[in-house]
Structures are given as C-alpha cells and as structure tokens.
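Asker: Chains as they are written, first to last, in my numbering: chain A, 244 to 549; chain B, 244 to 549; chain C, 244 to 549; chain D, 244 to 549.
Accuracy of the hints is not assured; some may be wrong.
Identical chains blur together in the list; that is why a pair holds if it fits in one copy or across any two.
[What the hints assert, rightly or not] Straight line, CA to CA, 27 Å or less: simulated DSS-like cross-link-like pairs of lysine-lysine:
hint : residue 1 : residue 2
1    : Lys-370   : Lys-386
2    : Lys-332   : Lys-386
3    : Lys-332   : Lys-370
4    : Lys-362   : Lys-386
Bear in mind the hints are in silico, worked out from the structure with no lab data behind them.
Protein chains: 4
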Amino acid sequence: MIRIDLQIDLTYEIDGAGADFVFNIHAAQTPNQRVSTENLTLNQPISPRMYTAPGTGNRYLQLHAAPGALSLGYSAQIDLMHHLADPVKIAEVPVCDMPPEVIGYIYPSRYCQSDLLIKLANNEFGKLTQGYSRVQAIQDWVKRHVTFALNSSNTNTSAIDTLIQRVGVCRDFAHLMIALCRALNIPARFATGTDYGADPTLGPPDFQAYVEVYLGYRWYIFDPSGTGIPMGFVRFGTGRDAADVSIATVFGAVRTHAAVIRAVAVENSANGMVLPYFCDEALSTDSSTMPAASEFTQSSEQPLLW
Amino acid sequence: MIRIDLQIDLTYEIDGAGADFVFNIHAAQTPNQRVSTENLTLNQPISPRMYTAPGTGNRYLQLHAAPGALSLGYSAQIDLMHHLADPVKIAEVPVCDMPPEVIGYIYPSRYCQSDLLIKLANNEFGKLTQGYSRVQAIQDWVKRHVTFALNSSNTNTSAIDTLIQRVGVCRDFAHLMIALCRALNIPARFATGTDYGADPTLGPPDFQAYVEVYLGYRWYIFDPSGTGIPMGFVRFGTGRDAADVSIATVFGAVRTHAAVIRAVAVENSANGMVLPYFCDEALSTDSSTMPAASEFTQSSEQPLLW
Amino acid sequence: MIRIDLQIDLTYEIDGAGADFVFNIHAAQTPNQRVSTENLTLNQPISPRMYTAPGTGNRYLQLHAAPGALSLGYSAQIDLMHHLADPVKIAEVPVCDMPPEVIGYIYPSRYCQSDLLIKLANNEFGKLTQGYSRVQAIQDWVKRHVTFALNSSNTNTSAIDTLIQRVGVCRDFAHLMIALCRALNIPARFATGTDYGADPTLGPPDFQAYVEVYLGYRWYIFDPSGTGIPMGFVRFGTGRDAADVSIATVFGAVRTHAAVIRAVAVENSANGMVLPYFCDEALSTDSSTMPAASEFTQSSEQPLLW
Amino acid sequence: MIRIDLQIDLTYEIDGAGADFVFNIHAAQTPNQRVSTENLTLNQPISPRMYTAPGTGNRYLQLHAAPGALSLGYSAQIDLMHHLADPVKIAEVPVCDMPPEVIGYIYPSRYCQSDLLIKLANNEFGKLTQGYSRVQAIQDWVKRHVTFALNSSNTNTSAIDTLIQRVGVCRDFAHLMIALCRALNIPARFATGTDYGADPTLGPPDFQAYVEVYLGYRWYIFDPSGTGIPMGFVRFGTGRDAADVSIATVFGAVRTHAAVIRAVAVENSANGMVLPYFCDEALSTDSSTMPAASEFTQSSEQPLLW
C-alpha cells in the first residue's frame, strides 16, 4: 500500500467584479484510492458547491469569489491499493465486449483527434501483437518522438499539434498517446492528479497529466511523459481530455500565482506501507469491469422490443 | 401535442468476419417526449445490448453482426409535449448558477473548438443584450455566413473548418453555432433525431442534427440550418457534438445503404393533436432544471470540509 | 514629392560558431522611389554579398558573421514621387489581360491560403461593384474584424489563423487582406518597409508590413492595419508574403536586440517637398504595366508553333 | 542520352461566357533538356500568349477560350543529357555559399510549411551525416510513412496534411519531402513533367510531380513517390510548390476531361540513345551553379556602399 500526504495551495488575485471558478483538485474516491482525511480551506467567506460526476466520480468544486485575493488550501491523506498485473496476460477488449460506458473513450475529443490519425496509427502499430505490449509500444513511440520542454505548448495545443511540433509537456504527451490508442479502437482517457518523484530539474512538484487505457476490462495507468513514478500519482479526475478535467477553470479577470504542491509518501513497514517505486507490472487504481456472462445480453429468442 | 409515427430502416452489407455497430436511433424518453409504442426488428438472430447513458438518457443499441446483409427496422409512436416560452423573458444563466452537469457544455469538444473562437464570438456578439435574442443572433449569423449544400463536408469537418469554408450540412451548422455559444460561456449541445417538414428538393426525409442551448434553466431547441420545422423533430440523443451521438458507429468492413426514414405527424383535433408548425415562441422538450434555493449551496458558517 | 531620411540600426549577439544572415533592409530602387544617397556600415570585417532579385527588384544583403556582437547600420535618403489616382477610375484587371509576371500574385502562398477562402470571399465581396472600391471594402472588412495588438501573433501565424483569432499585428492584417483579394482573382502582394506617422502609443518607430494590389495595371498601396500614413512608407521589398521578404532571416544561435529606426520627412516648399499626409487618392510607387496593344499577342493566323 | 517523343492532349468543355487558362505544359528548355521540335495545336482560333519566367525558365501558355469545346495538343521531341554523379561525393551547400536565387527555396510555401516542421526534421534527420545520403534518408522516410493511393487528396492538401493522413499522390509525396528538406535549410523545389515507366496498374500515363534538391551546387532529381523511372521524366516547370507550376490553372466554369499523355523513349544505339533505366547515380538535368571564387564577394577593404 502507498500512503500519500497531500497539500495543495492555490492563490489568485481577482480583479473587477469577482470571478467564478470550477476546481477539480479533490482526490477521487475509488475502491483502490481511499481518501481517509480531507480538509479544504478558503480565505473568503464563500459558499461553494461540490459536485460528483456520475460517470467518472470526478469531484468538482464550484465557487464565486469576490474581488481581491483568493487562497484555497486542500489537504488529504490518500491510501492507494494498486492492482498489479503481469503485462503479458493483459489483452485488448474487443469492441463487442466493451461496457457501453467505456465505448465513448474510443471516440475523438477536442484535444485527441483520433479520427484524423487512423491511417497513421494503423501503419505504425496495426501489425503489432494486440494487448498491453501494443499500448506500451504506442507509449514508447510518443516518448521517442516528443521532447519534454516546459512552456512549449499552451491550453489550445492538441494531439495533432504535438504530432507536428514534436515538443510539449505532460498534458501533450497524454493527448497524443490517447489519440493514437483511440485510432486503433483502444479506449483511452485523460487522467489528472499530482506527480510523484519527478526530476527536480523539471521544476517544483506539480500537477500531472497522464493516461489510463482500458485493457483486460480494467483501466491501466500509463505515463507517456515519463516524468514521475506512477505508483505515487494521486488521481483527481478522468475524462475525454484536458477539456473535461481542468485543474481550475476560471471565469473572469484573474491573475494566477503558481500552485504550491506537496505530495509526501509515508513509509511504515509495520502496516505494509512502502514508498512508490518503478515496477514492471501493469498498474491500476480501478476495479475490474468485466461483465458477468449474463449481463448486457438478451437472447434473440426473446422478442426484440424495448 | 404533437404525435409522430416514426419508421426507420437501415441496411448494411457486411464483408469479411462480421462487424460491430453502435446505434443511437431510439427516441429519447423524457417527460416531454413520450415513446408510447416501440418496435425493433433485426434480420439476423443477434443478441443486442441496450444501454441508456446516465447523464443524457441517450439510448444506445450495440450489436455484433455476422457477414452478409444486416437490416434493422425501428418504429415508434412519439408524443411531444413542447414547453413554449416567450423569448423576451428567457435570460442567460450566470456560470455561478449553472447546474454542475450543465457546465461541461461550455467546454470545447472535437468538432466545436470554442476555445479558439473567444475573440471572434466576443467581437460579433459580446455587446448584444444577453438572453434568448443573443442566441438567436448567433443562429442568424451562422445561417447568413454558411451555405447549405449536400455532400459539402465529411465526418472530420469541424466548426473551424465550416467557419472558413462557409458551406456544410445540418451537422456543420450545428457545430459552428454550438462553438460560438460556448465561446461566450453559453452552454450548448448537439442534438440528433429525425427531420420534419424539410424541403423535398433537399433530398428524401433524413436524420437531422440541431442545437439545444441552455437558457432560463432549460434546454431550448435551435435549428441553425433552417431545413425543417423544429416542432416536428423527434430527438434521439444529445451530446457534446457529433462524436457523442453518431446515428451509427461501425467497426468493420461494411457497405452502407441509404437510410429510409418516415416521420408522419398525426392530426386529431379531438384529443388536441396538431401538426407541427413554425412558431415564434422558444421551444423545448426538456424540463426546467432551475435549482431550488436550498440546493447545491452550503453556508460558509459550516466548516469547509468534505 | 516626399523625401525621407532613413536610419536603421540592427544589433545581434552571435553565439557559438558564427551565423548567417539574409537582410532585406535596403530601400527598393524604382522609378518612383529614388535612393539618392545610401550607406551601410558593419562592425565586423565581413565581405557581404548584395543580390537584386530580377522579378521584384528586392535587394538582399547576405553575410556570415563571426561570434560576438554584430552591428549593422543602414542610412539612406529616399525621394518618393507618388502616382496619385482617382479611386473611382481604377478598374480591376481581367485575368486574360494580366501581365504574366503578375498572375503569380493570385496564387496562394504560405501565409495567404487564398485557395481555402474562395467561398468566404465570394460571399462577402462577390456582389460588390468591381474596382478599387471593392478592394477598399476588403480592407475595411479586415480592419473591422481584426484587432491590433502587439505580440498577439508569431512568425507562423497565417491568414487563416488571423481569420479565426481576430487579432494580430500589421503583418497579419496584410496576410489576411492579400488572401481575400487573391480568392477573388485580384493580384495582391506583401510589402515591407518603414512605417511613418504611427501612433507613438503603439511603440517606437518600426518596420511596417502592408499590401500592394494590382488594379488598373498598377500596384496600389493599401495599409489594412491603418497604423501609419502610407505616403511616408519607404518600401524595402515585395513578395508573395512574409516568407519572401523577411527583414532579417537568421541561421544560427543569435540573440536579437530591438531594431532602432528613424524615418524623418524633409519639408522644403522651395523644391516641392511636402510632409506625408493622409490622402483620398489611390497611391502607388510603381509604374504602369499596361501592355501595349501589340504586346503579348500573336495573331492566330500565324502557325501556333513555338 | 535519352530521347522522348511526347504528345499531350487536353480537352475541356467551357460553359457560359468563356474561360481563361494558364498552362504549364511546355517542356523546359535547359542546357541539359533540349527541345528539338515542338508543336502546339488549338481547335479554337485563339491568340494565346507565351511567357517564359525569368528565374525558372518555366514556359506558361495563357489564353482565353470561347464557350464550347477546347482541345489543346502539344507534341515535342526532347533530348535529355543527364548529369550523373556519385552520391557519396555530393555535399550539402552551406547557407553562406548558396547563390541568392537559391535561398528562396529554403523558405516555407503554401503546401510546404517547413517552418512548422523544424523540430521534427531535426529529430529525425539532424544527426545524420550531411550530404546526398541525408536527402535520400528523407526521401526514404517519406516513402515509408506515406501510402500511394489515387484520389486520396485534393488540391488543398499540404505537407502537414500528408504528414498526418499518411496517404497521397505524387504531388503530396513531393510536398512533404520538400518541406522536410527546407526545415533543415536544404533548398528543395517542386518539379512537374511527364512520368515514364510507371506501373500501369496505377493508371494510364500521367503528369508527374517530383522533387529537385540543391546539393553540390546543382539541382538533383528525387522521386519520393517512386512511381516511375526518373531518367525518363520530361520537366515542364519548377517552383516553390504546386501553386507555382500547376499544369493548368482554369478561371471560369469548365468541365475537364482526362488528359491523354504519351511519352515514348527512342532507342538508337548508333547515336547513343538509350532507354531510361533505374540508376544508382545522382541525376540532374541542371547545370552547376557553383559560383566562381571571385563572384558575389566584395572585400571589406572597399567602402561598404551600394
């Protein structure tokens, strides 16, 4: 088990008549990612709303802030019980066996224009053996073809742009890898959270964008920018791409200060808490969604009427 | 009340090893669009799956078809109880009052790149009085700047493409209008269904793509391509854009024959059934989602802890 | 007559192993733009090359600079004898009457993708009366739809980008206007030189990008960004777009300091030198290229053999 | 020596009020490509104009045709004296040694957006040994990443599009190869002419688009689509890209029939005429443009005044 003590501090200066914010900075609560304690502080006497999206479990914090400084602090203790699996045994899921709520993740989205990359993806990866190793090949291809450079892209940058420009940050690596997976009908989604173990020369601890791919009836973690140790990532949200799970969406005239993030792993051999490490196994913080044999199917003997 | 007798016939030739399909051709079941009788027939002894998406109520039919001909027939009787409202009284909803499940519809999507159109939308519509009339101005702008022409676009065509090329089909008019609304933080979604009352010179009865905009806490119908009588539209699905609610998504080597669609309105003055007509009122088949005063808010006197 | 005293100072810091430069900062020598005195100074003992392009008369300075500082000073006295004409009398030139060397300026180029704007240009301007006034309508449209903002674009920005983003600098206004003219088969070219009379709040005196349009068998000046007094512009080069007539193309690792530019008009009523002023007449620094009746044509009685 | 007997027949139906045409179908006259006999026939009593562009030697035929059928026949006998060279001995030319009229061919153009591909080209080819073999590596990369398919692109398709879509015709292979060369500061230009020796399954004899790259002070032929035997190509024109050297540019409402092309090589061992064959040597139909030592340079002892 991995335990992370998380502390996030966000600061803004709000001009004019106030501003609206939608944050997605709460650790997701899943069977494998338990949020034991959690605290949110705001320097303004605001009445925020919390909303948990039904499909993804993403937790959104929505608030209207008055002019002046806005400080937001979020702290939590998160326990991660990773599912580890032998990559060799993880197969791709045929379209006809995909749960319906997963199928949306093979469709193109704003920053992952998979519909434009079908030939490219099939040329590069179409003849590879299907399964986890093919997705690893896609991840390696993205790592090999894109250079990591801070401030080399912006919020409009899409997978197509990154494919041409060959440079980006973690968000761009994720978008390109997702687009290539979807072009092969492999469901892939964008995940956000906090980084762990990144090279300090890349900057102070930061938010992290990475990828989850649906293989073997489960969402597995991939980190195409390769900047951290995935076992230490705390997940905030998952979505089609960055448009769905922006850390902070701001409406109004606002100056943003750099986020201050602290993610510390707690080691305690007595109760099995270890530090995150690079592992060769496939990694997931999701439950299996393998359908029971009886589920979702109707015999054609029954009248086809709904 | 409007009653539509609907009949849809789809035919495919499947080569090779069979093919997977996801259809979204079932009429949506909403408080204002009641599906009284419904029948689905398939010429192959297939066990399909039905899936109703939790957020949107879209109904998806997923099946694996064997090689050879696939014929699918869907018939239904649909009763539409439209909400009509005086456009002058319909206001835009401030971001801080938007229900959380609506906020996603101001974000950009694959074919509606609103993030690239913020200056354009503000230049063109930023100074107009907010409300239903501003959305009408957007719709009129799209109608004025884009020419309708069959086969002038393809499934990759996006709002940005249409903005430049100035030509398209109903799908393209919808994408551009949606992108412009979202660029102004007005929630807008893509709707699909069947057309009604279109000029026969534009071709035989067809599927229809149109727009729903969230105004006055309700989704109102707009038809930017102006090809039909919106009061007669039967709605299948709503989504971010065409990627979410494709009529048919096909996986495999398949030849597609033209769909045959029949949508007939039933007139019966005895029980108040009238024929669809062009009306000046704002039109909706959705319920109000105005939040109760107590909902979604927490007093800041309470500790800010989740 | 307008007399401009021009002084340009460029400074660079060259790292590593030296760098190559191609400059286009010499005032063009044309019948209507006479360069009476001219001086170039370089702080490095370099042997540069001068090249005058046959088609355009653009003068390029090509040099290889050693590591360290490179300073380049160019001063010249330029006399401008403008051709002024009544806009009402200036017609568009039919394609069949265009001189062959002009026809290339109706083709698309890197930053002026006129081939993508044919429908848009015809929708907006296709029904206007042909002639100088139609080109003025295009210029006004660009001014009305694009906002001037320093640092809002970069060297990759094209007419299509500006059309969507609705913001730019003089280079972007010029590219969009050129693309729209070409989409209507009106030859248009990109001109560079020095600004005159610009609002000091837009920054210190600078280089200027503007447009020349071929009308009435002559290239007329247009200034779609509207930042200066065109009668005071000194022309360096003309080309398809910014790719052809970059002020300075740099090969190597170089830091660039801001250019220092001084363009002063000399007034002398004794010999007819006036200060540049805004005029209602159409303005050109080019000779007429109206072909003589006999030119370019071969009687079809002659055998069609070359 | 290669001798080609060439016959081209073009047919059009002109609607309405007549149409203007600019053709570039005359074989270029160069020291190494001699046009011995040449004949042009037109079915309409038209007075066309011929224009030879000063920089490139391209010959343009400009005419205005009346409504009805337009038939144009061009026949010529062309002798090709190829310059063959050992690829190992052909170096890239440093920017500072490039003739000024060549430098324009490292700038981006409409369909060859090299300015967007600088990182990609340097990642893929930046570490290879400079020279002919590096350009061959670029050609091989394009061949490997793009699939040839008729009707897979259109006249708006650019190098960036082909890079993403991975499919195209000879024009698209050429544009992508040119863009990659220019991104490395290697001059490259678009060449048009007639194909020779293409696989008949790819269709009847056709026009051909290919590439010339400036290496070792000479333009060498490359055929990235690999559809023919380059030694048999007859060159019409060279330019920045397809915008410069369209086979036929048409202004007006015109229906175009398929061109009929016949290019037959004449064998005559008595006077050294052989049939075109695939050769390992580098191939050029251009003269060397190596500058004499004294040319283009001015001693810096001389006053730097022009």
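Asker: At most 27 Å between alpha carbons: which applies to Lys-332 and Lys-386, within, between, both or neither?
Answerer: within (24 Å within a copy, 36 Å between copies)
Asker: Within a copy, between copies, both or neither: which one fits Lys-332 and Lys-370 at a CA-CA cutoff of 27 Å?
Answerer: within (19 Å within a copy, 39 Å between copies)
Asker: Between the shortest in-copy and the shortest cross-copy C-alpha distance, which are at most 27 Å for Lys-370 and Lys-386: within, between, both, or neither?
Answerer: Cα proximity of Lys-370 and Lys-386: in one copy and across copies (20 Å, 18 Å).
Asker: Should Lys-362 paired with Lys-386 be assigned to within, between, both, or neither, using CA atoms and 27 Å as the limit?
Answerer: both (20 Å within a copy, 14 Å between copies)
Comparing the model with each numbered hint stated earlier shows that all of them hold.
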